[in-house]
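So the protein sequences, as listed, match chains A and B.
Sequential numbering of the first sequence, starting at 1, is according to the numbering used here.
Sequential numbering of the second sequence, starting at 1, is according to the numbering used here.
Derived from the structure by calculation, the hints contain no laboratory data.
Every residue gets a Cβ at the ideal spot worked out from N, C-alpha and C, and that includes glycine.
One should not assume that every hint holds.
Said to hold, decoys possible - For the chain A half of the interface with chain B, some residues (derived, Cβ under 10 Å), not all of them:
hint	residue
1	Phe-22
2	Val-23
3	Ala-130
4	Gly-133
5	His-139
6	Gly-143
7	Ile-148
8	Ala-245
9	Val-262
10	Gln-274
Said to hold, decoys possible - Chain B is nowhere near these chain A residues, computed Cβ spacing over 12 Å in every case:
hint	residue
11	Thr-50
12	Leu-118
13	Arg-189
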Amino acid sequence: MIRVLLTNLARGLLAIVLTVTFVFVILRVAGDPLTMILPLEASQEQVAATRAEWGLDQPLYVQYASYVTKLLTGDFGRSNADGRPALSVVLEKTPATMVLMATGMTLALVLGIGTGMLAAFYRGSVIDRAIMGGAVLVHAMPGFLLCIFAVLLFAVQLGWLPSGGGSTPLHLIMPALVIGLSAAGVIARFVRSSALEVLGQNYIRVASIKPLPRWYLFAFHVMPNASLPLLTLVGFLLGGMIGGAAIVESVFAWPGIGRFLVTAVAKRDLATVQTIVILVSVTMVTANLVADLLYTVVDPRLRNRREA
Amino acid sequence: MTLATAAPPWRRPGWLARQGWPAIAAMAVIALYIVVALTAPWLAPYDFAAIDLVARNAPPVGFGGTWAHPMGTDDLGRDVLSRTMISVRTSLAVALVASLVSLIIGVGLGLLSARRRGFADGAIRVAVDVNAALPFMILALSVLAFFGNNMVLFVCLLGLYGWERYTRLVRAVAMAEYQKGYVAALRRIGASERRIAFGHVLRNVLPVIIVNWTVSLPEVILLESSLSFLGLGIQPPNASLGNMVGLGRDSVVTAWWIATMPGITILILTFAVSVLGDWLRDYTDPSLSQG
Chain A
1 MIRVLLTNLA RGLLAIVLTV TFVFVILRVA GDPLTMILPL EASQEQVAAT
51 RAEWGLDQPL YVQYASYVTK LLTGDFGRSN ADGRPALSVV LEKTPATMVL
101 MATGMTLALV LGIGTGMLAA FYRGSVIDRA IMGGAVLVHA MPGFLLCIFA
151 VLLFAVQLGW LPSGGGSTPL HLIMPALVIG LSAAGVIARF VRSSALEVLG
201 QNYIRVASIK PLPRWYLFAF HVMPNASLPL LTLVGFLLGG MIGGAAIVES
251 VFAWPGIGRF LVTAVAKRDL ATVQTIVILV SVTMVTANLV ADLLYTVVDP
301 RLRNRREA
Chain B
1 MTLATAAPPW RRPGWLARQG WPAIAAMAVI ALYIVVALTA PWLAPYDFAA
51 IDLVARNAPP VGFGGTWAHP MGTDDLGRDV LSRTMISVRT SLAVALVASL
101 VSLIIGVGLG LLSARRRGFA DGAIRVAVDV NAALPFMILA LSVLAFFGNN
151 MVLFVCLLGL YGWERYTRLV RAVAMAEYQK GYVAALRRIG ASERRIAFGH
201 VLRNVLPVII VNWTVSLPEV ILLESSLSFL GLGIQPPNAS LGNMVGLGRD
251 SVVTAWWIAT MPGITILILT FAVSVLGDWL RDYTDPSLSQ G
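Bound-form chain B, shown alone:
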């Protein structure tokens, strides 16, 4: 239960216009990606796996191609636009689930360690140390190789990325929240520990969690696409942005668009999320707030 009863700031007139164009543009771009991800199977002009050997390596519009294939076709004649749209769906879904896994692990441990020091503190320290000793990319590479191309495992592995950042942040903020008067008041009226933790403290930690989520989401997207690019993540015939770039790499000299189109699609997405994350961090930082 939060105490604020006034209308949230984004309901006030002209709120959006005051946020500056980068944040607005980023929000628009992300909204577009979400729409594409949700509707890709129906929106895509072709089946993403449909092979058309007659139309192989057709260039995109503006480079000698036609509107039949706006982003051109690949070496099997598959429509690059359709594949990119389906890939946005796959990559976003994988990154979303993975980043939520890491959020749940991290936030849970953070809340736990704010209440009971000791175990969770130890776990955090060990994780931070191991992180400092082994780049996640190397860890992921070695684990993936030996488990093979299992989608569930791949997502779980990505879900291990960055949980300790949530834990550290949530621990710090939640510890401060537990010192506040409302927690003592809640205890006094007989609220359960669980209700205090999830109903009240968690709600006040939420801004920190959301900001960190926007910071780690692009990193998870990059990680997924990097591993898929190396052929160790999402496997064909499934299409992801990373494995499209990986498959297109071989013909980059003769048909640059096969790798470049999905590549730029990733770049725009991660850039937009980063910009949004930066804006959100400034927006929620009380030391920077003004009227």
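Just chain A, with the same shape it has in the complex:
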């Protein structure tokens, strides 16, 4: 099992290195960032001076080497926008996004597992078909459209919630709802099919002999076993949420990383974009590793199989 974990760790690290390299090359090759930093009327000397200051006159591999060295010492460069260190600017925006992710993920899990189990419980009935239809619908729904529907309903029609901003907990509700709902569809489908699989197992047949109500069997025997494999989806779900955050945060003006990335991209803020991309990939790799580890801890069958 330790060997498996080490292999996963190595693959994760390799993925991070590849991401860093890929993004670095793409960003540097793409265009001259000086045209964005300097005003149009800048003189030749100014251009040369800035180029040297940013290290842009060096060959690519020298830039890359110095970049990686700096990364390892925690220096992610300076944001073009206001000249502050990119890392601290980005880290300032992190808590807001983490709050949004955590709320969204909780919502998605509660909603997804709940409806997925309900669909399995009433398998083949109208309820089942309605839930599964809804799950496909949410999956096909563009995130930004959900945002606009939410604004129209809760902010414009009902006037219950503010349409944008991030100052009070009330502002959290709509973005978390949108992010959670998109993931809930995937979870519901997954949990339903996994529950149907669990239902065919012998231990469920044994449990169903006991004089217990059917809902009890579902809630305490089927649900835990059907939900555990969700851990393998964590990376996928998190990725979708982070991608979705770019849109959701932009629409609701939530002061997190996603919205910051979109503005940084529009301003061609090299250092900031790189910092966010690297931060995201480190988060994703860590999440995948933790999920893997957790899975082997929670499910002893898997642990034994891997040791054997």
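For this one, chain A is given, so just place chain B on it according to the hints.
Same frame as chain A, now just chain B:
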């Protein structure tokens, strides 16, 4: 060359009626979108870019508007229906080309790795790892920002989405096909490797490819429209469903239809393709087949 000589199942009488209404409805909806996409420039009642400041922000029919502009007009007086129709054309074309790019890359690598392990296997593993480390949306955002609004690049970028899924599927199925007797027989009669791969194995892998294509097409449509919505994809004056919603977002409180009409248009399209994909997956899954 496939061995089946009987008429394909969809030629048998009553085949369509037995597929259930969701699949039939989805097919009808998709057919409608294709017709609109093909004929939009002639079918649209107005020029999609024609500005009519007198008719600004006219509501759609049923909400105080007239049949002159069934879906209303935007803040420049442009007809929302005409713009939506042209956008369907743009969005479908972009998604179609992009998903075909990803299909060709993925299927090619899959066939390659079924024949020769090693290189392609390594490429797949690396791609899967990088995918697990970086959401495509974030990758696309950072690449697009630095290349600017170049349509060709945008389509190529979208074409990178999801190729590794084809590779994995095709690799698995093609490896099984290569074990079958007909491949040995073909070799025996002197068929070239290329002919075996593209003329025979590929044909038997085709159902898997088509099913996966219907799964990834709506995702590509959503990706395109999301990026265009953020102002980083298709740029005005070109209209795409995503950038229409993006432009209409500012006036969503005063003129909700500008953003909502193209938005619902995307939703219906991706929903229909998803339903069709689900049906197709069940239909081609031999473990579920019955008479």
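Comparing the hints with the structure gives:
no.	hint	result
1	Phe-22	holds (7 Å)
2	Val-23	holds (6 Å)
3	Ala-130	violated (13 Å)
4	Gly-133	holds (8 Å)
5	His-139	holds (7 Å)
6	Gly-143	holds (7 Å)
7	Ile-148	holds (5 Å)
8	Ala-245	holds (9 Å)
9	Val-262	holds (6 Å)
10	Gln-274	holds (8 Å)
11	Thr-50	holds (18 Å)
12	Leu-118	holds (20 Å)
13	Arg-189	violated (10 Å)
Checked against the numbered hints above, the structure breaks hints 3 and 13 and satisfies the rest.
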